[in-house]
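Number of protein chains: 2
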Amino acid sequence: MTKENGTFAKFGTIAVLGAGLLGGSVLLACQKRGVAAALRAWSPSEATRRRCAGAVPEATVTGSAQECVRGANLVLVCAPVDQIAPTLRAVAGDLAAGALVTDVGSAKAGVCADAAEIFDAETRRRAADAVGKGAPPVPPPVFIGSHPMAGAERGGIANASADLFAGRVCILTPPAAEETLPAPDAGEASPPASPVAVLREFWRALGMRVTLLSPEEHDTIVARVSHLTHLAAAALSATLAAKPEAWRDLGGPGLRDTTRVAAGAPELWLPILAANRAEVLPALDELLATLASVRDALAAGDFPRLEAILRAAQCWRAAAQS
Amino acid sequence: MTKENGTFAKFGTIAVLGAGLLGGSVLLACQKRGVAAALRAWSPSEATRRRCAGAVPEATVTGSAQECVRGANLVLVCAPVDQIAPTLRAVAGDLAAGALVTDVGSAKAGVCADAAEIFDAETRRRAADAVGKGAPPVPPPVFIGSHPMAGAERGGIANASADLFAGRVCILTPPAAEETLPAPDAGEASPPASPVAVLREFWRALGMRVTLLSPEEHDTIVARVSHLTHLAAAALSATLAAKPEAWRDLGGPGLRDTTRVAAGAPELWLPILAANRAEVLPALDELLATLASVRDALAAGDFPRLEAILRAAQCWRAAAQS
Numbered sequence: 010m011t012k013e014n015g016t017f018a019k020f021g022t023i024a025v026l027g028a029g030l031l032g033g034s035v036l037l038a039c040q041k042r043g044v045a046a047a048l049r050a051w052s053p054s055e056a057t058r059r060r061c062a063g064a065v066p067e068a069t070v071t072g073s074a075q076e077c078v079r080g081a082n083l084v085l086v087c088a089p090v091d092q093i094a095p096t097l098r099a100v101a102g103d104l105a106a107g108a109l110v111t112d113v114g115s116a117k118a119g120v121c122a123d124a125a126e127i128f129d130a131e132t133r134r135r136a137a138d139a140v141g142k143g144a145p146p147v148p149p150p151v152f153i154g155s156h157p158m159a160g161a162e163r164g165g166i167a168n169a170s171a172d173l174f175a176g177r178v179c180i181l182t183p184p185a186a187e188e189t190l191p192a193p194d195a196g197e198a199s200p201p202a203s204p205v206a207v208l209r210e211f212w213r214a215l216g217m218r219v220t221l222l223s224p225e226e227h228d229t230i231v232a233r234v235s236h237l238t239h240l241a242a243a244a245l246s247a248t249l250a251a252k253p254e255a256w257r258d259l260g261g262p263g264l265r266d267t268t269r270v271a272a273g274a275p276e277l278w279l280p281i282l283a284a285n286r287a288e289v290l291p292a293l294d295e296l297l298a299t300l301a302s303v304r305d306a307l308a309a310g311d312f313p314r315l316e317a318i319l320r321a322a323q324c325w326r327a328a329a330q331s
Numbered sequence: 010m011t012k013e014n015g016t017f018a019k020f021g022t023i024a025v026l027g028a029g030l031l032g033g034s035v036l037l038a039c040q041k042r043g044v045a046a047a048l049r050a051w052s053p054s055e056a057t058r059r060r061c062a063g064a065v066p067e068a069t070v071t072g073s074a075q076e077c078v079r080g081a082n083l084v085l086v087c088a089p090v091d092q093i094a095p096t097l098r099a100v101a102g103d104l105a106a107g108a109l110v111t112d113v114g115s116a117k118a119g120v121c122a123d124a125a126e127i128f129d130a131e132t133r134r135r136a137a138d139a140v141g142k143g144a145p146p147v148p149p150p151v152f153i154g155s156h157p158m159a160g161a162e163r164g165g166i167a168n169a170s171a172d173l174f175a176g177r178v179c180i181l182t183p184p185a186a187e188e189t190l191p192a193p194d195a196g197e198a199s200p201p202a203s204p205v206a207v208l209r210e211f212w213r214a215l216g217m218r219v220t221l222l223s224p225e226e227h228d229t230i231v232a233r234v235s236h237l238t239h240l241a242a243a244a245l246s247a248t249l250a251a252k253p254e255a256w257r258d259l260g261g262p263g264l265r266d267t268t269r270v271a272a273g274a275p276e277l278w279l280p281i282l283a284a285n286r287a288e289v290l291p292a293l294d295e296l297l298a299t300l301a302s303v304r305d306a307l308a309a310g311d312f313p314r315l316e317a318i319l320r321a322a323q324c325w326r327a328a329a330q331s
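Protein sequence lines, in the order shown, are assigned to chains A and B. The first sequence begins at 10 in my numbering and counts up by one. The second sequence begins at 10 in my numbering and counts up by one.
Errors might be hidden in some of the hints.
Claimed, not checked - Quick partial rundown of chain A residues pointing at chain B, CB under 7 Å, derived from the structure:
1. T248
2. W256
3. G263
4. W278
5. R320
6. W325
Stated by the list, open to error - Listed below are the simulated DMTMM-like cross-link pairs for lysine to aspartate or glutamate, each with C-alpha atoms no more than 25 Å apart in a straight line:
7. B/K252 to A/E225
8. A/K252 to B/E226
9. B/K41 to B/E76
10. A/K252 to B/D294
11. A/K252 to B/E295
12. A/K252 to B/D305
13. B/K252 to A/E226
14. B/K252 to A/E295
15. B/K252 to A/D305
16. B/K252 to A/D266
17. B/K252 to A/D294
18. A/K252 to B/D266
19. B/K19 to B/E67
Claimed, not checked - Now the stretches of chain B that chain A is said to cover, found in silico as 3 or more residues with beta-carbon under 8 Å:
20. 172-181
21. 223-233
22. 256-267
Just so you know, the hints here were simulated from the structure itself, not pulled from any lab data. No residue lacks a Cβ here, since even glycine has one placed at the ideal position from N, Cα and C.
Based on the provided sequences and hints, a complete structural model is requested.
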């Protein structure tokens, strides 16, 4: 099945559980880029299911998560971080043999440990079941964590976009044994692609640059580049929220950009912060220490010290992706 | 003298001292919008003077600050905050009778106090001079502070833009006696416009929305909406600068926006922070307190408290200029 843009729909049936900003954007991107032979979607909210059916005409919106995943080759759990393991638990028994399952959560160690437990139990259950029936063993479903580093401060499928992922980084957090990828472009005669290779190809098909990290490395790094960033913007915004309302309009574009992410929904951020608390706390301490250094240097009139901090910031930022 | 866009060049000869990002943008905006009968520019750097002559063909680039201001009706000092008073002192004796002088500095109480002293002394000197010569008294030059809330993280005339000010806020900080503006559109028969009214019209002609504050109010507010914002972004960037370089590229658009202003030059920011230290220090303490609350709530697992902070930030930001 070849789509208009020439991409082969090689990922088969794709099921998306959760149709908010990220799930909706996955659906729109799959539809636009023609990467799925069939597209299915489910949301726990009936209103969201209706909106999803309207926004993504190619997707079949199902009435239950179990119905959504049945027979799907690739399943994406696009739920808030604290809902990922419950969702996996709810659908594990309905996953197709050899189905590849992933998520889009912003914290990975806990999710991946829970998923490993759920999928190990499901694998044992299926093996016992096959033995009981005297049937040949079938490949169990497998889970590999994903974290597409893309988002927007306004959530929901109404803000979803087919291009949300284009040009962004996606971090995959496979179990240690899966971390070695076969060489790319190994030709058609090569053995079937590993689940990690398939997942990498999927996110690449959506325009992303893919990086592999362990779940723990992911959480250490993302605590700083994403979770701490959100808290810094939120702390600045909350500080300004205590001031007269008219002050807000006196800020320039710098204030606007620096606080943009603070408009994100607490409903999504609290589970992320709770899940990655062990890394976010030391990250906050690092920022508090830097900010206290700034304060102390300014209070003491120690401008060389203040300049060193501003210079380090300037060099880091000037070299960053623009 | 009517320019192509129909704006009358009513501000006469405009002199711009300093041709960096802001001075260069003032020159380009004046050229584009035809608000000056004649445009003059000067920079202490010969290289910048050459670049300025190339970038702003309508401007006459002079070899000295004194030559630049002679006969000018409106003088803009676009120098770093710590160079404004020295520049005013250097040109005070050469200012035309009744010249309107302003600056674009980010801290105002100190600059305006220094300017008041310099202009009072110059007024007395000119009065004594006139008495000595038996000449009739002439109107002295007057100073009113301006702070156009516009900028960019990359400075210099190479990054200047005729549209830098369009749609942004400009704060004027006239002395208390000047704060009352005549009613706008009072007709041609009205008495000559006050210096504040002229300055307001000038920034409006460059596309800005103009607000009046006392220098002290300005410094209190701008310490929070601008200076603290810069330090928050810089502290986050400096914290991340201590991490492996590869982490930087794993951040999403949120990290990019939150740290954008940290790429600003320490050479410009240190004088601003020094000049507004009395307001920036308590502002830093406020941010440190909010960030410590975030940290403590997360450490204690007090998610209702954490949610209250994130919610306040979200509401403030969602209502802010977008």
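Hints and how they fare:
1. Using the Cβ-Cβ criterion of 7 Å, the hint placing A/T248 at the interface with chain B is satisfied: the shortest such distance is roughly 5 Å.
2. A least Cβ separation of about 5 Å between A/W256 and chain B falls short of the 7 Å threshold, and the interface hint therefore holds.
3. Evaluation of the A/G263 hint against chain B yields a held restraint, the C-beta minimum of about 4 Å falling below 7 Å.
4. The beta carbon of A/W278 is positioned within 7 Å of a beta carbon in chain B (closest approach about 6 Å), and the interface hint is therefore held.
5. Checking A/R320 against chain B by beta carbon gives a least distance of about 5 Å; that is within 7 Å, so the hint holds.
6. Because the closest C-beta pair between A/W325 and chain B is about 4 Å apart, less than 7 Å, the hint holds.
7. At roughly 16 Å between alpha-carbon atoms, B/K252 and A/E225 fall within 25 Å of each other, so this suggested pair holds.
8. For the given pair, A/K252 sits about 13 Å from B/E226 by alpha-carbon distance, which is consistent with the 25 Å threshold.
9. Of the supplied pair hints, the one linking B/K41 and B/E76 holds, its CA atoms being roughly 24 Å apart against a limit of 25 Å.
10. For the suggested pair A/K252 and B/D294, the alpha carbons sit about 14 Å apart, so the restraint of at most 25 Å is met.
11. This hinted pair checks out: A/K252 and B/E295 have alpha carbons roughly 11 Å apart, not beyond 25 Å.
12. Our distance criterion of 25 Å between C-alpha atoms is met by A/K252 and B/D305, whose separation comes to about 23 Å.
13. Distance check on the hinted pair: B/K252 and A/E226 sit about 13 Å apart at the alpha-carbon level, within 25 Å; holds.
14. Taken as a hint, the B/K252 and A/E295 pair is honoured in the structure, with Cα atoms around 11 Å apart against an allowance of 25 Å.
15. The suggested pairing of B/K252 with A/D305 holds, with an alpha-carbon distance near 22 Å, which does not exceed 25 Å.
16. Between the alpha carbons of B/K252 and A/D266 the distance comes to roughly 23 Å, so the proposed pair stays at or under 25 Å and holds.
17. Distance hint between B/K252 and A/D294 is fulfilled; the C-alpha atoms sit about 14 Å from each other, no more than 25 Å.
18. In summary, the hint linking A/K252 to B/D266 is supported, as the alpha carbons are separated by about 23 Å, within the 25 Å threshold.
19. The suggested pairing of B/K19 with B/E67 holds, with an alpha-carbon distance near 16 Å, which does not exceed 25 Å.
20. Remark: the stretch 172-181 of chain B is confirmed as covered by chain A, as 3 of its residues place a Cβ nearer than 8 Å to a Cβ of that chain, reaching the required three.
21. Counting residues of the stretch 223-233 of chain B whose CB lies closer than 8 Å to any CB of chain A gives 3, so the stated coverage by that chain holds, three being the minimum.
22. With 12 residues bearing a CB less than 8 Å from a CB of chain A, the stretch 256-267 of chain B meets the requirement of three and the coverage assertion stands.
Checked against the numbered hints above, the structure violates none of them.
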